[in-house]
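As given, the protein sequences belong to chains A and B, one line each in that order. Using my numbering, you'd call the opening residue of the first sequence number 1 and step up by one each time. Using my numbering, you'd call the opening residue of the second sequence number 1 and step up by one each time.
There could be a bad hint or two in this list.
[Claimed, not checked] Here are the in silico distance ranges between beta carbons for each label pair:
hint	chain 1	residue 1	chain 2	residue 2	range
1	B	VAL296	A	GLU137	37 to 45 Å
2	B	THR237	A	GLY84	51 to 59 Å
3	B	MET52	A	ASP300	50 to 58 Å
4	B	ALA17	A	THR215	20 to 28 Å
5	B	THR237	A	LYS260	26 to 34 Å
6	B	MET52	A	ARG239	55 to 63 Å
7	A	SER253	B	ARG118	47 to 55 Å
Hints are computed from structural coordinates only; laboratory data are not their basis. The beta-carbon is built from N, C-alpha and C at its ideal position, and this holds for glycine as well.
Protein chains: 2
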Amino acid sequence: METLGQGRTVAVIGLGAMGYGMAASLRRGGFTVAAFDVRPEVTRRFAEEGGMAAPPSAQAAVAGAEWVVTVVVNADQTHALLFGEGGVATALQPGAVILSCATMAPERAREFAAAAARHGLAYLDCPISGGAQRAAEGALTVLASGAPEAMAKAEPVLQAMAAKIYRLGDEPGIGAAFKMVNQLLAGVHIAAASEAMVFAKRLGLDLRRVYEVITASAGNSWMFENRMPHVLDGDYTPRSAVDIFTKDLGIVSDMARGAKFPTPVASAALQMFLMTAAAGMGRDDDASVARLYASVSGIDLPGPP
Amino acid sequence: METLGQGRTVAVIGLGAMGYGMAASLRRGGFTVAAFDVRPEVTRRFAEEGGMAAPPSAQAAVAGAEWVVTVVVNADQTHALLFGEGGVATALQPGAVILSCATMAPERAREFAAAAARHGLAYLDCPISGGAQRAAEGALTVLASGAPEAMAKAEPVLQAMAAKIYRLGDEPGIGAAFKMVNQLLAGVHIAAASEAMVFAKRLGLDLRRVYEVITASAGNSWMFENRMPHVLDGDYTPRSAVDIFTKDLGIVSDMARGAKFPTPVASAALQMFLMTAAAGMGRDDDASVARLYASVSGIDLPGPP
Numbered sequence: 001m002e003t004l005g006q007g008r009t010v011a012v013i014g015l016g017a018m019g020y021g022m023a024a025s026l027r028r029g030g031f032t033v034a035a036f037d038v039r040p041e042v043t044r045r046f047a048e049e050g051g052m053a054a055p056p057s058a059q060a061a062v063a064g065a066e067w068v069v070t071v072v073v074n075a076d077q078t079h080a081l082l083f084g085e086g087g088v089a090t091a092l093q094p095g096a097v098i099l100s101c102a103t104m105a106p107e108r109a110r111e112f113a114a115a116a117a118r119h120g121l122a123y124l125d126c127p128i129s130g131g132a133q134r135a136a137e138g139a140l141t142v143l144a145s146g147a148p149e150a151m152a153k154a155e156p157v158l159q160a161m162a163a164k165i166y167r168l169g170d171e172p173g174i175g176a177a178f179k180m181v182n183q184l185l186a187g188v189h190i191a192a193a194s195e196a197m198v199f200a201k202r203l204g205l206d207l208r209r210v211y212e213v214i215t216a217s218a219g220n221s222w223m224f225e226n227r228m229p230h231v232l233d234g235d236y237t238p239r240s241a242v243d244i245f246t247k248d249l250g251i252v253s254d255m256a257r258g259a260k261f262p263t264p265v266a267s268a269a270l271q272m273f274l275m276t277a278a279a280g281m282g283r284d285d286d287a288s289v290a291r292l293y294a295s296v297s298g299i300d301l302p303g304p305p
Numbered sequence: 001m002e003t004l005g006q007g008r009t010v011a012v013i014g015l016g017a018m019g020y021g022m023a024a025s026l027r028r029g030g031f032t033v034a035a036f037d038v039r040p041e042v043t044r045r046f047a048e049e050g051g052m053a054a055p056p057s058a059q060a061a062v063a064g065a066e067w068v069v070t071v072v073v074n075a076d077q078t079h080a081l082l083f084g085e086g087g088v089a090t091a092l093q094p095g096a097v098i099l100s101c102a103t104m105a106p107e108r109a110r111e112f113a114a115a116a117a118r119h120g121l122a123y124l125d126c127p128i129s130g131g132a133q134r135a136a137e138g139a140l141t142v143l144a145s146g147a148p149e150a151m152a153k154a155e156p157v158l159q160a161m162a163a164k165i166y167r168l169g170d171e172p173g174i175g176a177a178f179k180m181v182n183q184l185l186a187g188v189h190i191a192a193a194s195e196a197m198v199f200a201k202r203l204g205l206d207l208r209r210v211y212e213v214i215t216a217s218a219g220n221s222w223m224f225e226n227r228m229p230h231v232l233d234g235d236y237t238p239r240s241a242v243d244i245f246t247k248d249l250g251i252v253s254d255m256a257r258g259a260k261f262p263t264p265v266a267s268a269a270l271q272m273f274l275m276t277a278a279a280g281m282g283r284d285d286d287a288s289v290a291r292l293y294a295s296v297s298g299i300d301l302p303g304p305p
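Hey, can you work out the whole structure from these sequences and the hints?
Here's what the structure looks like:
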């Protein structure tokens with residue numbers, strides 16, 4: 001593992017639940033990691049763990065880096081970080097590779113790749129999947145697409161971050177499109193799981209038994225299995241927040257409308273996430289959609305232990 | 001296995017994809033199986049395979065049986081078969097056990113159990129899950145509820161048909177409720193899988209690659225994994241028909257409305273099954289929902305090989 005990086009420098013911008021773990025995985029992979037977050041205390045913590053000085057800005061972080069991994073919330077943040085005022089595109093050395101990990105519409109990924117090229121930079125569209133724990137373990141799934149040269153240059157960085165690398169095509173935007181298809185399904189499955197669990201409670205069923213039966217039956221989904229324990233435990237501490245899916249199903253909705261493609265099931269799910277956010281739970285765990293159903297219908301779900 | 005039945009007689013009524021396999025599993029389990037279907041050629045085929053005479057009616061099939069397993073399409077057929085004109089309730093010996101396998105609303109299961117009691121019969125609410133192949137292997141999942149006496153008496157029959165027996169409570173209707181929660185999820189997941197796959201095609205993605213990526217990602221569901229190969233192969237030969245889910249999500253919709261519980265996601269999925277049935281595909285495989293999305297939006301899906 002340590003031989004991957006060989007002391008070469010990679011910058012990581014955005015040290016949230018995913019980015020922090022990815023930066024740590026890269027450091028473990030033998031890279032010199034210059035990491036920056038808009039929260040100075042987070043930037044400092046990561047630097048101190050590596051015995052380094054904390055970079056004072058994103059531009060400072062990328063100085064001397066061969067790669068920059070951007071792990072911010074959305075396309076607009078990615079754009080501001082790369083190409084806005086004080087953006088890192090002007091501070092990166094020519095030939096450096098941008099690995100863009102935020103979930104976004106494919107057209108934004110194509111737009112950023114073209115802008116990167118105008119700065120003499122390579123761009124890899126590489127949304128990620130797997131959650132915070134896998135990020136910390138260097139065991140993410142990466143949905144990568146982009147020019148073969150960008151893909152080849154990014155290889156050691158991808159290897160240090162991911163257990164599974166899908167190389168999906170030579171054009172930026174393909175990885176983004178795969179991610180949006182996944183998010184459509186994931187969002188619908190969380191909303192359906194919430195609907196089904198609270199419906200089961202309304203029918204008087206024992207919810208732990210429902211979890212046991214459904215996870216062994218044809219009604220199971222990855223999201224049901226992963227998220228419904230939060231409902232059973234009454235624990236809505238955010239692992240992934242409601243607002244992530246108001247955003248991602250919103251992108252799906254925009255893309256589908258733009259393509260004149262109807263998505264009635266995803267649209268119903270989006271409305272449930274919006275209602276949950278509107279009810280003040282946007283920053284809570286996305287299993288909070290179940291609390292919305294329960295609250296609307298006057299049903300008691302398990303509380304915290 | 002053969003010791004389970006000890007030559008005792010069980011009747012099976014309804015020899016569709018599930019019932020035929022269940023009857024065969026019971027025969028393999030050492031039971032004398034008197035099986036009947038409204039299609040005389042199917043009744044004859046099963047009887048001949050066992051070297052028996054074909055019963056001329058459902059009433060004839062249950063004469064001398066300690067158990068009757070009903071595997072018909074819905075609650076109304078179950079009612080007609082048990083308690084209608086020429087129904088088997090009057091032909092069964094006192095103390096015989098009805099194992100009712102059709103998917104139905106819990107209140108119908110409770111109603112049938114009460115009617116059975118008036119005939120001196122035991123009633124087990126035991127919807128099944130797992131598909132035709134598992135039925136043939138005696139490896140179904142059974143969601144059973146009912147009076148302890150009915151549960152105990154049904155035990156050898158359940159053992160011969162099922163790999164997994166959930167004993168969910170002492171009241172009929174609980175098994176039915178668990179099944180409806182499962183069907184809510186299963187139906188939503190088929191509709192969402194169809195929506196996502198055709199959306200992916202609209203985005204220009206390679207569908208086999210989409211299947212590979214999604215089944216390894218957080219967007220996966222049991223139904224996506226099981227049904228989407230039908231879309232990849234362009235094969236809509238019915239394993240389970242669209243009309244099953246117009247029925248089952250219809251029951252969910254009725255139950256939820258009756259309970260004043262909102263199910264917007266299941267309702268959107270139900271509308272997609274109804275559109276697919278309205279377009280003439282009701283008897284085709286339920287993955288045909290993908291063909292509806294494709295047809296509406298002028299997208300070509302893979303054809304048959």
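Structure-based check of each hint:
Hint check: VAL296 (chain B) to GLU137 (chain A), Cβ distance near 43 Å, so the stated range 37 to 45 Å holds. Between THR237 (chain B) and GLY84 (chain A) the beta carbon distance is about 55 Å. The supplied range of 51 to 59 Å therefore holds. At about 54 Å, the CB distance of MET52 (chain B) to ASP300 (chain A) agrees with the hint of 50 to 58 Å. The hint said 20 to 28 Å for the Cβ distance between ALA17 (chain B) and THR215 (chain A), and at roughly 25 Å that hint holds.
Against the hinted window of 26 to 34 Å, the Cβ-Cβ separation of THR237 (chain B) and LYS260 (chain A) comes to about 31 Å, which satisfies the hint. Separated by about 58 Å at the C-beta atoms, MET52 (chain B) and ARG239 (chain A) satisfy the suggested range of 55 to 63 Å. At roughly 54 Å, the beta carbons of SER253 (chain A) and ARG118 (chain B) sit within the given window of 47 to 55 Å.
In this structure, every one of the numbered hints holds.
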